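A.B. asks: Read off the chains here:
There are 2 protein chains.
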Amino acid sequence: MILRLAIIGFGNVGREFARMLLAKREWLLRDRGLDIEVLAIATKTKGSLLSKRALDLERVLHHLETHGTLTGFGPENVDLPVIKLIEECDADMMVELTTLDVGSGQPALSHIIAALDRGMDVITANKGPVAWAYKEILNVARSRGAHFRFEGTVMDGTPVFNLVEKTLPGCEIIGIRGILNSTSNFVLDMMARGKSMDEALEEAQRRGFTEADPSLDIDGWDASAKIVALANVLMDAQTNPKKVARKGIREIQPRDIEEAGRKNRKIKLVASASVSGDEVQLKVEPMLIGPEDPFWSVDGTSSAVTLRTDLMGDLTIIEGSPTVAQTAYAVFSDMIQIVNSIRAGTL
Amino acid sequence: MILRLAIIGFGNVGREFARMLLAKREWLLRDRGLDIEVLAIATKTKGSLLSKRALDLERVLHHLETHGTLTGFGPENVDLPVIKLIEECDADMMVELTTLDVGSGQPALSHIIAALDRGMDVITANKGPVAWAYKEILNVARSRGAHFRFEGTVMDGTPVFNLVEKTLPGCEIIGIRGILNSTSNFVLDMMARGKSMDEALEEAQRRGFTEADPSLDIDGWDASAKIVALANVLMDAQTNPKKVARKGIREIQPRDIEEAGRKNRKIKLVASASVSGDEVQLKVEPMLIGPEDPFWSVDGTSSAVTLRTDLMGDLTIIEGSPTVAQTAYAVFSDMIQIVNSIRAGTL
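For the record, the sequence lines run as chains A and B. Be aware that the first sequence starts at 1, since it is given in the working numbering, and climbs by one per residue. Be aware that the second sequence starts at 1, since it is given in the working numbering, and climbs by one per residue.
Derived from the structure by calculation, the hints contain no laboratory data. None of these values were measured; they are calculated from a predicted model. Heads up, some of the hints might be wrong.
Note that the list lumps identical chains together, so a pair holds whenever it fits in one copy or between two copies.
Claimed, not checked - 25 angstroms max Cα-Cα, derived DMTMM-like pairs, lysine to aspartate or glutamate:
1) K247 to E279
2) K135 to D31
3) K46 to D256
4) K195 to E136
5) K52 to D35
6) K166 to E76
With the hints as constraints, model all of the structure from the sequences given.
C.D. replies: Structural data, given as structure tokens:
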């Protein structure tokens, strides 16, 4: 089976995904009978590529590294708006990895709808579309017989959506609780080690894992979008980030952390979803965490989620200090899941 | 689709599984198009049932509760050796839940081979067969086109085997580390709270989660069988419990725990598998755990496993204070996985 991809957005995650395709090429061919061809790559400021035949990914990565742009790559180099590129390419599947406006889910949402409309399967690591327009996207996907997957929207490639869908059949999710925003968790950890919030934030930005606008992390917007994505998908909440009772960590003072420490507590930004009557209530707020809590050891850039289920009690999954490879893996595993679905004839 | 079951072993787990079938009957019919019929139930000392038509599970459970035995249930009540019962019943699937001899994997292993030989799909929550004879069982299953699943052998229904198989495609497991034995973890926790080992063990037995012979817990045999099961399945280790460098908690003294506590450490029985050259090395031993470790909060009867992977880094999954329902759920989820495989035409 030949699977032809368009990669929209080719920053750190996109490039790492391309490297993963190269590294696992043998496994994909031998174990899965899968030959992956990338036919299109779009970037915002570094040019785009469009081809009828498989692009040489090694050469693409090398050219980008050497020249800092895709311009001059060869006849595949085109100057097209992204939507046009999606419409003109022959790919079976679009991988959406553009930089996101969390407040609207754009431009990712437009790209996703355009690709699904053409019957392409879609993978995204962008939380915005799932937080703002999950039902809408699902309806378009279903009407076109296309697949839509998004494991990377929460906790990178850590199976959360797939965990529930693939390994907890028959379980109802009755509550969710998570440390979902790396930046604020890292900042609180650094503050507990004596840094100021500004110093900690600078360090986080230097390491490259903050949102472009760090207030999205600090004020709890990123965590809100993620808990909404989880609740929309796993609890059918049909809600959006504006409905989250949101409190970030901006007002946390070093003395608050010191005082918590004296009581053997840590302050962590906890996002939660719980059922109250017919509604799903969503919160993001700083909370005191004790050593008996599975979140106690979730420091630095690690993240965690606890799923409360009817049949299996509480399950916690922790992702230890991820790098960009873990987000790229989310896309990789979604790609395999879609191929499995295609082969099984399911949506 | 009608799925006909034989349940071999009908203690706490088997009865809870039967209750789960009743509770989720609507979901099974509506969401999965699955009509489950139980045609046979075998117990060691309480009689057995064999029927051509679906047994009334509610009546079975009520009869057992009222009379403490299946004798007198009606014409379905039979007096047959288990192997004979397996051979004579018309079930599509056998659920194996007998009491286990960890040292040999029997009698579960014989039951499993007999059922697979007849082409029945098999689910077990017994770790012995997977620890002692995984390849052998798999060969029989494959030659008969039958399915064999065993999620409940490690951490009850917490997805561990399924987590890797269903949600981490392409990931290689390069190391495993776990708190896998509830009894020793509970005993160490109680000792840290000032109880003696004997008092703690009595309490564990009173609560009913120890092995029939508690030395299997205390001396690390149960944890050894479980790490072997994990390594055989997830790392192709082809090993057995005798090859584990095994040290239990029998020699741990209250003063050891106190001393650890003074250094802000806990003692936990940790099972591990790691790659060394071409071999998988297996260990079970008491270790000092610090507060930065994801196992720090895994107290009482909780358990946890960390999977070290090539593509996804370290993933930890924690099961919080399980009851018998979580083991029953392992069987329930295996049943759904097998039905999915049958429908997809895969083994």
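A.B. asks: Evaluate each hint against the coordinates.
C.D. replies: Against the structure, the hints come out as follows:
no., hint, result
1, K247 to E279, "within (20 angstroms within a copy, 51 angstroms between copies)"
2, K135 to D31, "between (34 angstroms within a copy, 20 angstroms between copies)"
3, K46 to D256, "neither (45 angstroms within a copy, 61 angstroms between copies)"
4, K195 to E136, "neither (44 angstroms within a copy, 58 angstroms between copies)"
5, K52 to D35, "within (15 angstroms within a copy, 49 angstroms between copies)"
6, K166 to E76, "neither (39 angstroms within a copy, 37 angstroms between copies)"
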